[in-house]
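**Q** The chain contents come next:
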Amino acid sequence: MFEQDIKYLKFKTYLNTYCPHCRNTFNVEKKDSKSLDFKAIYKGQEIDLRLSPFLDVFDVESSVPIAEGDMVEDFLCPRCKKSLISQEVPCGECGSPVAELIIAVYSKLIPFYVCMRHKCKWHGLTKADENKIKLKIPRQEMPEQDQKLRVANYGEVPYGFTSELAALEAGRCLQCKNPKCVDGCPVNIDIPNFVRLIADEKFDEAAKKIKERNILPAICGRVCPQESQCEQLCILGLRDKPVAIGNLERFVADFERKMDLVRVPSIKTRLNKKIAIVGSGPAGLTVAADLQQLGYQVTIYEALHETGGVLVYGIPEFRLPKSIVSFEIDYLKKLGVRFELNHVIGRTITIDELLEHFSAVFIGVGAGLPTFMNIENESLGNVFSSNEYLTRMNLMKAYKFPEYDTPKPRGNKVVVIGGGNVAMDSARTAIRTGSSEVTIVYRRSRQELPARHEEVRHAEEEGIKFMLLTNPVKYIGNDQKMLKGMECIRMKLGEPDASGRRRPVAIDGSNFILETDLAVVAIGTGPNPVIFQTTPDLKRNKWGYLEVNPETMETSKEFVYAGGDIVTGSATVILAMGAGRIAANAIHKKLSEAA
Amino acid sequence: MFQIIRKQEMAKGSIIRFDITAPKIASKAKAGQFVIVRINETGERIPLTVADKDEFAGTITLVFQVVGKTTALMRSLKEGDLIRDVVGPLGKAADVEKIGTVVMVGGGTGVAILHHVTKAFKEVGNYVIGIIGAKEKDLIILEDEMRAMCDELIVTTDDGSWGERGFVTQPLQKYLGERYDIKLCYAIGPIIMMKNVCNLTKKYKLPTMVSLNPVMIDGTGMCGGCRVTVDNKTQFCCVDGPDFDGHLVDFDELEKRNSIYMKDEKDSLLFSIR
Chain A
1 MFEQDIKYLK
11 FKTYLNTYCP
21 HCRNTFNVEK
31 KDSKSLDFKA
41 IYKGQEIDLR
51 LSPFLDVFDV
61 ESSVPIAEGD
71 MVEDFLCPRC
81 KKSLISQEVP
91 CGECGSPVAE
101 LIIAVYSKLI
111 PFYVCMRHKC
121 KWHGLTKADE
131 NKIKLKIPRQ
141 EMPEQDQKLR
151 VANYGEVPYG
161 FTSELAALEA
171 GRCLQCKNPK
181 CVDGCPVNID
191 IPNFVRLIAD
201 EKFDEAAKKI
211 KERNILPAIC
221 GRVCPQESQC
231 EQLCILGLRD
241 KPVAIGNLER
251 FVADFERKMD
261 LVRVPSIKTR
271 LNKKIAIVGS
281 GPAGLTVAAD
291 LQQLGYQVTI
301 YEALHETGGV
311 LVYGIPEFRL
321 PKSIVSFEID
331 YLKKLGVRFE
341 LNHVIGRTIT
351 IDELLEHFSA
361 VFIGVGAGLP
371 TFMNIENESL
381 GNVFSSNEYL
391 TRMNLMKAYK
401 FPEYDTPKPR
411 GNKVVVIGGG
421 NVAMDSARTA
431 IRTGSSEVTI
441 VYRRSRQELP
451 ARHEEVRHAE
461 EEGIKFMLLT
471 NPVKYIGNDQ
481 KMLKGMECIR
491 MKLGEPDASG
501 RRRPVAIDGS
511 NFILETDLAV
521 VAIGTGPNPV
531 IFQTTPDLKR
541 NKWGYLEVNP
551 ETMETSKEFV
561 YAGGDIVTGS
571 ATVILAMGAG
581 RIAANAIHKK
591 LSEAA
Chain B
1 MFQIIRKQEM
11 AKGSIIRFDI
21 TAPKIASKAK
31 AGQFVIVRIN
41 ETGERIPLTV
51 ADKDEFAGTI
61 TLVFQVVGKT
71 TALMRSLKEG
81 DLIRDVVGPL
91 GKAADVEKIG
101 TVVMVGGGTG
111 VAILHHVTKA
121 FKEVGNYVIG
131 IIGAKEKDLI
141 ILEDEMRAMC
151 DELIVTTDDG
161 SWGERGFVTQ
171 PLQKYLGERY
181 DIKLCYAIGP
191 IIMMKNVCNL
201 TKKYKLPTMV
211 SLNPVMIDGT
221 GMCGGCRVTV
231 DNKTQFCCVD
241 GPDFDGHLVD
251 FDELEKRNSI
261 YMKDEKDSLL
271 FSIR
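Sequences listed follow chains A and B, in order. Note that the working numbering gives residue 559 to position 559 of the first sequence, counting from 1, and the numbers run on in steps of one. Note that the working numbering gives residue 255 to position 255 of the second sequence, counting from 1, and the numbers run on in steps of one.
A couple of the hints might just be wrong.
[Said to hold, decoys possible] EDC-like, lysine to aspartate or glutamate: derived pairs with alpha carbons at most 16 angstroms apart:
no., chain 1, residue 1, chain 2, residue 2
1, A, Lys-400, B, Glu-41
2, A, Lys-322, B, Glu-41
3, A, Lys-148, A, Glu-460
[Claimed, not checked] Derived DEER-like restraints, expressed as beta-carbon distance ranges:
no., chain 1, residue 1, chain 2, residue 2, range
4, B, Arg-6, A, Asp-352, 29 to 35 angstroms
5, B, Gly-58, A, Phe-372, 36 to 42 angstroms
6, B, Lys-263, A, Ser-436, 16 to 22 angstroms
Rather than coming from a laboratory, the hints here were simulated on the basis of the structure. Cβ coordinates follow ideal geometry from the N, Cα and C atoms, glycine included.
Work the whole structure out from these sequences, hints included.
**A** Listed below in structure tokens is the structure:
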């Protein structure tokens with residue numbers, strides 16, 4: 001039944017098509033003879049009519065030739081001989097009468113219309129019926145690794161759609177005349193178009209369509225908070241669950257990669273200008289791809305020994321496999337982008353030195369400074385910032401210790417302080433190290449948790465406990481100055497603060513001790529000071545981040561641009577990419593004018 | 001990839017000196033700064049201070065003591081071998097100015113770092129008193145280089161096998177008692193040595209700078225693993241240091257934090273032997 005329904009949506013063959021009167025099935029039991037045979041009245045004569053498998057009135061074989069534009073007077077069921085002409089619905093295109101057949105979708109019977117005017121373009125469903133069918137198809141669930149199984153490995157948790165699931169899900173899209181989803185995307189991907197291409201099983205073309213606006217769909221499809229971006233505005237979502245745009249994006253990106261269909265475009269113009277990019281995270285990669293394709297020679301400088309920035313050190317393997325990040329980096333290398341690892345800009349080379357050799361510089365260094373709570377005993381052993389914890393585990397692969405040299409932080413009762421995606425990542429990494437208990441401690445309530453719902457669900461499924469409305473007061477150490485406990489206080493929600501979320505207020509006297517031997521502080525990050533220490537003429541805004549002209553992303557230093565977390569504070573991959581796009585356009589404009 | 005062009009074993013093989021080709025770092029490295037080294041794909045990142053540099057040759061000198069897995073693996077490397085990642089120069093450079101008379105105190109491998117700082121202070125025209133010490137004669141390093149740079153040099157060994165017998169604090173005490181023109185003290189060495197020197201100089205109100213050596217992971221200020229408490233405030237050694245006012249440093253905490261991974265080091269070494 002499943003396959004029938006999918007194939008229906010693309011109006012393909014093997015449909016179960018019935019006479020509305022006697023329920024005679026027009027379809028053949030044998031799959032090979034894919035045609036529908038009727039009796040028809042044409043010019044007063046009874047003729048045999050055969051419709052193509054696509055229920056396409058263009059392909060009509062008849063015992064007597066029918067001239068184009070001629071009306072077929074009647075269609076008759078071969079079994080009950082009754083007329084199939086619909087009394088209610090006229091042709092949506094030419095107003096002529098239509099024949100009505102019944103097709104079955106999800107065991108519901110839906111009328112399907114064939115226009116009596118030969119070669120009339122309209123056939124199929126009325127838009128209303130089409131939408132009715134689409135509403136009957138539920139949002140396809142992403143297949144995921146079993147909850148208990150996945151805690152013992154670092155493999156990716158969502159398996160990804162199969163092509164059947166993807167085509168079915170894509171078929172749900174109403175193809176709105178005035179889509180709202182595109183507005184929700186920070187880089188304005190042409191969503192209705194790429195979804196339609198998936199529904200037509202043109203997966204490769206769908207991937208190319210996405211790549212017109214977003215060069216990293218395999219990554220965005222996995223980490224974007226679609227539920228607060230495109231999917232939130234999906235019109236289908238008003239009546240039912242929204243189209244799973246993120247899962248579809250991920251599917252085509254993976255398809256393109258696995259089927260080896262990724263093609264590096266040839267660059268036609270070669271401009272004699274060089275661009276330096278500081279940081280190989282999403283912002284820098286976007287600027288690099290855009291400008292390299294416009295003909296500039298781009299060099300990316302990375303401080304760490306691996307490229308990818310937060311994609312590699314921050315997001316764990318089970319959410320974003322590193323093989324995907326390296327595949328995307330390879331794509332950029334094939335485009336001609338140069339990568340220089342182990343270069344700390346400000347130390348190994350300064351920005352001023354870069355400006356001597358490059359026409360423009362883009363700073364995408366991220367917000368990598370960890371924030372601590374500054375409570376007592378925070379320097380005890382086994383109290384980590386989430387950056388250190390995740391860098392050890394993800395970048396240095398400490399989870400493979402001792403195969404990899406970096407020691408693995410281990411605790412039996414782990415506590416993660418914070419409620420964002422980083423906290424979820426840290427907690428889910430900790431539970432995979434074999435800890436018997438991992439608890440998230442967050443000072444507000446469930447509704448205020450900033451993490452993606454999907455990640456909170458994943459964390460709960462994996463057995464992570466949530467201790468909400470709780471705030472740490474101080475850490476407690478043992479004789480060896482290692483963490484052994486944390487004193488907490490209960491909170492209640494008061495009036496909303498500047499961000500709109502209700503302020504947490506401590507309840508006096510509600511202190512208690514939480515037993516813990518490893519704490520990860522995931523309460524946020526700030527701007528890395530190195531770039532400011534070494535480039536004092538870069539102006540900062542009042543929150544300490546880099547100040548830029550919001551329309552061009554140019555900083556206070558001419559020809560120096562910036563985007564991503566170093567400008568906005570920690571945000572998302574896609575926002576960084578959006579900023580990169582703006583900067584790339586501005587750089588190109590400025591350098592073209594200067595020439 | 002960074003090539004080792006010269007290797008020298010000192011102190012019965014427990015202290016190694018590498019000269020590595022790293023032209024960009026060599027051109028920028030100042031006294032007191034360090035690099036982060038990762039020797040291979042599975043290796044960890046460790047900080048090593050730049051003991052010296054040759055801008056024309058484009059090389060930097062690293063001197064390290066074999067204390068764990070990575071340093072042990074490094075000892076097995078030969079001239080011509082390649083080190084996968086070296087990034088730097090990191091950290092704030094030592095604050096070097098001509099102030100008059102300074103005393104440089106170094107212990108064990110710390111002398112390698114001290115040497116670079118001593119050179120800088122001498123080159124701007126200070127009168128430099130050097131005190132270097134180690135457990136025994138074979139563990140004394142760079143004595144000739146220090147003697148060439150310092151206006152006065154005292155060598156001490158704990159067991160008396162070379163130079164004066166005792167700790168570095170003893171000759172230091174003598175100097176502090178006799179001379180009143182010493183403006184600054186630099187102490188670099190094992191934590192216990194730096195702590196003792198600071199306790200001593202505090203009595204004489206002599207400003208003392210120390211170079212701290214916490215465990216580091218990224219070295220660029222993004223993880224906080226190297227955090228030290230200075231004047232009751234948390235500082236990141238890799239971006240705010242590595243030099244700090246010794247009188248304000250919580251040495252006990254640093255010592256404890258440095259010993260967290262001792263068991264893991266052992267497991268790691270055993271794994272590679274197997």
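**Q** It remains to establish, for every hint, whether it holds in the given structure.
**A** Outcome of the hint check:
{"no.": "1", "hint": "A:Lys-400 / B:Glu-41", "result": "13 angstroms, holds"}
{"no.": "2", "hint": "A:Lys-322 / B:Glu-41", "result": "15 angstroms, holds"}
{"no.": "3", "hint": "A:Lys-148 / A:Glu-460", "result": "11 angstroms, holds"}
{"no.": "4", "hint": "B:Arg-6 / A:Asp-352: 29 to 35 angstroms", "result": "33 angstroms, holds"}
{"no.": "5", "hint": "B:Gly-58 / A:Phe-372: 36 to 42 angstroms", "result": "39 angstroms, holds"}
{"no.": "6", "hint": "B:Lys-263 / A:Ser-436: 16 to 22 angstroms", "result": "20 angstroms, holds"}
Hint compliance for this structure: every hint is met.
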